[in-house]
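*Asks:* One letter stands for each residue in the lines below.
Protein chains: 2
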Amino acid sequence: MEDRPIKSASLQHYDIVIVGAGPVGLMLSTCLARWGYRIRHIDNRAEPTPTGRADGIQPRSLDLLRNMGLKPAIMAHKPARVYEVAFWDPPRDGRGIVRTGTWASCPSFIDARYPFTALLHQGRIERVFIADLDKNGVQIQRPWTIKGFKSDEKADPEYPIEVNLEHIDGTQQDTVCAKYLFSGEGARSSIREQLGIRITHKDPISHVWGVMDGVVKTDFPDIKMKCTIHSEHGSIMVIPRENNMVRLYIQIASSTDPDWNPRKTATEEEVQASAKKIFHPYLIEWERVEWYSVYPIGQGISDKYTIDHRVFLGGDACHTHSPKAGQGMNTAFLDALNLAWKIHAVEAGFADRAILTTYEPERKEVAETLLSFDNKYAKLFSQRSPAATEVQAASKQTSAQEEDNEFVKTFKEACEFTSGYGVAYKPNALNWGPDHSAQSPLIHPNGTKLRTGRIMINADVTRVVDANVVHLEQEVPLNGSFRIYVFAGKPSITAKALNDLAFHLGDKRSFYGSYLRPDIGSVSHHETHNPHSLFFTICTVFAAQRSQIEISRDVPDLLARYRDHVYADDRWDRRVPDAAAAAHAKMGLDQEKGGVVVVRPDGYVGIVTSLVEGSGTVTSLNEYFGAFCTKKLGETMAQL
Amino acid sequence: MEDRPIKSASLQHYDIVIVGAGPVGLMLSTCLARWGYRIRHIDNRAEPTPTGRADGIQPRSLDLLRNMGLKPAIMAHKPARVYEVAFWDPPRDGRGIVRTGTWASCPSFIDARYPFTALLHQGRIERVFIADLDKNGVQIQRPWTIKGFKSDEKADPEYPIEVNLEHIDGTQQDTVCAKYLFSGEGARSSIREQLGIRITHKDPISHVWGVMDGVVKTDFPDIKMKCTIHSEHGSIMVIPRENNMVRLYIQIASSTDPDWNPRKTATEEEVQASAKKIFHPYLIEWERVEWYSVYPIGQGISDKYTIDHRVFLGGDACHTHSPKAGQGMNTAFLDALNLAWKIHAVEAGFADRAILTTYEPERKEVAETLLSFDNKYAKLFSQRSPAATEVQAASKQTSAQEEDNEFVKTFKEACEFTSGYGVAYKPNALNWGPDHSAQSPLIHPNGTKLRTGRIMINADVTRVVDANVVHLEQEVPLNGSFRIYVFAGKPSITAKALNDLAFHLGDKRSFYGSYLRPDIGSVSHHETHNPHSLFFTICTVFAAQRSQIEISRDVPDLLARYRDHVYADDRWDRRVPDAAAAAHAKMGLDQEKGGVVVVRPDGYVGIVTSLVEGSGTVTSLNEYFGAFCTKKLGETMAQL
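Protein sequences appear in the order of chains A and B.
In this text, residue positions in the first sequence follow my numbering: the first is 1, and each later residue adds one.
In this text, residue positions in the second sequence follow my numbering: the first is 1, and each later residue adds one.
These are computed hints drawn from the structure, not numbers from a lab.
Heads up, a few of these hints could be off.
Since the list can't tell identical chains apart, any single copy or any two copies may satisfy a pair.
Derived pair list, reagent style BS3-like, types lysine-lysine, alpha-carbon separation capped at 25 Å [claimed, not checked]:
1. Lys71 with Lys135
2. Lys154 with Lys508
3. Lys147 with Lys264
4. Lys78 with Lys135
5. Lys202 with Lys135
6. Lys277 with Lys304
7. Lys217 with Lys631
8. Lys217 with Lys202
9. Lys264 with Lys276
10. Lys449 with Lys135
11. Lys449 with Lys78
12. Lys376 with Lys135
13. Lys449 with Lys147
14. Lys147 with Lys202
All values reported here derive from a predicted model rather than from experimental measurement.
Could you build all of it, start to finish, from the sequences and the hints given here?
*Replies:* Written out as structure tokens, the structure is:
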């Protein structure tokens, strides 16, 4: 991002050294490579994952991949799509198994664009990221490993970390300097070890799992569904995959077994023999086994995700758990995304270094929820089979009364969590809350349904310049910028408020005017997302029909420069069928007076404020950004 | 498809020789290559279209490309999407231009999956087909041309055509034998010429057009919309393109001009100067011109599309017209599709050779409609500007009264036509009508909204085996098979009718039992579309919730073999908000008793019949297929 001073003249300098090219390392690398950082990325495997491993992409991750433009490449592999989960148990009387229920994996009370889990071999997913990295000039160095590192901010405040790298055959070594070091090494993280960070085991129970990917021939009716099968012969989890493949998870041993041995194993044939018994009276035969593995796994969580906010851990290096909930890769993606934009905000000169301290609490709490969820989820079913009516009720929008039902509550939490929409970051400098230093009374207007620290609500709108119907939440690509959504209500009512907003944004000491691009005078007129500042993209949404909006008349110049980000809130939405302006209504913003929503670069709501005449709106946003940006903000009367 | 007898021992034998690798030739080649035919495909250009030419893909063509699995590759190029058309005219008082109206290019009264036109450079589209052909072992031979051909069915009834091919530099020649020859050569078709087929000019007026693709800088607000601009300085059509490009069409001369000269031309600079005047008071400047061309074009239509039903013409070889309606490539695609499946049905041994005689009347009428539409469309606007309320009314579902308004009627026809959904093939052996030889009283039950010769109505359903929500009309890929949709109503009511249907389909002399695969005993259990017959794919749709359907209990074996084609009609649809079974309701079929719909391999409805107990349903379908298949159909009591 800036000219690099050569301090250790003989050593190569990088913004970041990333160790491990699994989902977490690849997501971090891909984000930072797109935003122009210099990356050294190594992996100790000779090639990407050839078979097996993680394979579930949750709805929230699909949103993210779409936002990065990577979803079409993933979907081109035709992943299996899981919309429902089926439960099979022994019948009350008799032997074998019967279906005792099904439920939606992402029921309609969750407003998801893609209400399903996509299942695809991890190697295919990795290669989509690797291809994108290649476009941005980053190649993964394989098979290389990290031998050690030292960090000394006094000796070199800019590139404090020296990292020793080595080819795994020991024939080549390299020492490089970096601003950051990231461990995406998986559960056995050497970086975590060198830092002396310990793993806490939340649940003392460990398990040995067998997992088998293959093509089967069976008359079991739900072989293309995700299934949990309990039988007198043991339990199995069925997960459909691309290309007619099926993944089976079988628990081989548990530390609660009387003869527990974490090194207990089972052959491919033994697992197939067990599976045949569990599936009885249905028949199952293997035509081909693509991958088979047995591994012990315990629930563990890293005590720290970083010590000095220069060396970070993410993904399996921080949290290990059973594979059942299909959360590993998704949690890894979101760890990386969370860290990526914060490093960018700091290194690009926008945010205080202190925002890096929010990475650990935000992501560690998600990991803790994941681990406790893992248990809750199991109990939910072992206690009793829910009645079909309960599942049906729970799948829909429910009244406050119904929410009191413990089952419905746990079910909803489970669905929100597994879909990825349950993440709720707690208040901090980035996620406004009552204790935030921003205290303007305009903040968090009555009625808003947006919650800070949670994902922005989905909405369809019509883009004014080309009349395209678009997903508003997808309109700003993952460009590392904060997204300022100006819900502008009715143009006739908000005309002055909108002009005042633009006027005060244009102030040189506003959060916006303080961080203009140095090259602002030579930006191409085709630049759609960052014409003025690399830290913000502004979208303006009117509660009006597209044909009633004339950009040159209704939109102040500063906002009109984002021509491709002016929208009409004129699409009908089934969730708010009577609303005249569905997007405003879904956000819980006044359909006449609007409001302003700041969304973090990773898609989570930072703050919501009223849109008012005068300087109040910008003042409240100055207060918000002032809590973590590098400059002192405030108003002067100067204009852009 | 079959072992080839070597009659002319020294010559290569092909199922078809295709001349020209534009849209029509490529679509034909791609279909036939997928279905296993031996193809010689030549083109006289050294490479695919480098710039310019056709670029508009209409909603119906997007459906077709999706059905072929080619849509993602097209959309990966990020085509511009046109949802609305804007009209600009001189103001009543004063100079310059003002927007006088906009309308949806595919309004909501058309039930389109993709209600927009995608605009993408023809070369990109060609390359998507070429890549698919390559996967199926077909390479286009370039730059080669056809020198002549002769056809003699007596000398060789199987490969009657001898074709002489030559490299365009004259250094290499080749003579090959073929069952069919196809001209996709464009307006100047040497094959048409050799056959002595004449062109009839429907409209005696010719025009000279200038067309320019480029990147512009402008303050014209609708530069990302499709626009028709009339000004005192002339007329222009604006069409947005991928990568910030804009296409402008300018009429340079017309045969109605007093100084008409079909060789009149204009330089790039002259056209830009004209455009600047027409856009006034808006400014427009070119940053880059990618393609500029001037060409005279008249409306013409080929008198015949074939003479002997061995040598066929399609695409621009059959019809030329102004580029304004963006119909050229779309009409070409549908010409090819229409011919492809008919050749397949004949050559695979299912249909009488006589069905080839339906190609010309079906497609020629479309071309004739296109040409007369071209004029109507122009007149619609030159007469008067429609009131905004009229356009609004016309865009919605309208009452019979409103339909009487001439403007509304023409508008609707225009939208249906340009979207590709207006094609309505007339009754013939394939499209049932009252004069068809099938006369069972079960045919065309009261209330059905499906019309034979038109595309099947769209509907969402839930696939039973994996709970995936799918587009029913897309569920059978373009596999050359007839699609039998069994709308099975309520399982409790139709159980016997469904069993009877399966029983009589299983009869060896039914249309179904008469055309089983020769390899039926060794078909893989993974085969989802053609387990029994290459000529049919069966889908069964119940008017029930997915969770209520148990395939092993509710679906007779013959239908259950199509496990992946059993659906629950349980998705809500805004167009029939009160229906319990939306797909049944949209088709206008009884939600309790169902009905059977036969859809031709190209997606057009062939026949609709009631689903009844006994043999009646299969008898009526035997009557239908008996009108054009190679075997005598009828019932015996034998079973599959």
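*Asks:* First find the shortest C-alpha distance between Lys78 and Lys135 inside one copy, then the shortest across copies, and answer within, between, both or neither for a cut-off of 25 Å.
*Replies:* both (23 Å within a copy, 17 Å between copies)
*Asks:* Go through the copies and call it for Lys264 and Lys276: within, between, both or neither, with a Cα cutoff of 25 Å.
*Replies:* within (20 Å within a copy, 80 Å between copies)
*Asks:* Is it within a copy, between copies, both, or neither that the alpha carbon of Lys217 lies no farther than 25 Å from that of Lys202?
*Replies:* Neither, since 39 Å and 61 Å both go past 25 Å.
*Asks:* Up to 25 Å between alpha-carbons, please classify Lys449 paired with Lys78: within, between, both or neither.
*Replies:* Neither, since 35 Å and 34 Å both go past 25 Å.
*Asks:* If the cut is 25 Å between Cα atoms, do Lys449 and Lys147 qualify within a copy, between copies, both or neither?
*Replies:* neither (50 Å within a copy, 72 Å between copies)
*Asks:* For Lys147 vs Lys264, is the C-alpha pair at or below 25 Å within one copy, between two copies, both, or neither?
*Replies:* neither (32 Å within a copy, 75 Å between copies)
*Asks:* How would you label the pair Lys277, Lys304 (within, between, both, or neither) given a Cα cut-off of 25 Å?
*Replies:* Result: close neither inside a copy nor across copies, 44 Å intra and 67 Å inter.
*Asks:* Within a copy, between copies, both or neither: which one fits Lys147 and Lys202 at a CA-CA cutoff of 25 Å?
*Replies:* This pair counts as neither: shortest intra-copy Cα distance 30 Å, inter-copy 80 Å.
*Asks:* Up to 25 Å between alpha-carbons, please classify Lys154 paired with Lys508: within, between, both or neither.
*Replies:* Classified as neither; 35 Å inside a copy, 88 Å across copies.
*Asks:* Should Lys71 paired with Lys135 be assigned to within, between, both, or neither, using CA atoms and 25 Å as the limit?
*Replies:* For Lys71 and Lys135, both the intra-copy (16 Å) and inter-copy (23 Å) Cα distances are at most 25 Å.
*Asks:* Cα distance capped at 25 Å. Does Lys449 pair with Lys135 within a copy, between copies, both, or neither?
*Replies:* Close neither inside one copy (39 Å) nor across copies (51 Å); limit 25 Å.
*Asks:* When no copy is specified for Lys376 and Lys135, does a C-alpha distance of 25 Å or less occur within a copy, between copies, both, or neither?
*Replies:* neither (43 Å within a copy, 49 Å between copies)
Against the hints set out earlier in the document, violations occur for numbers 2, 3, 5, 6, 7, 8, 10, 11, 12, 13, 14.
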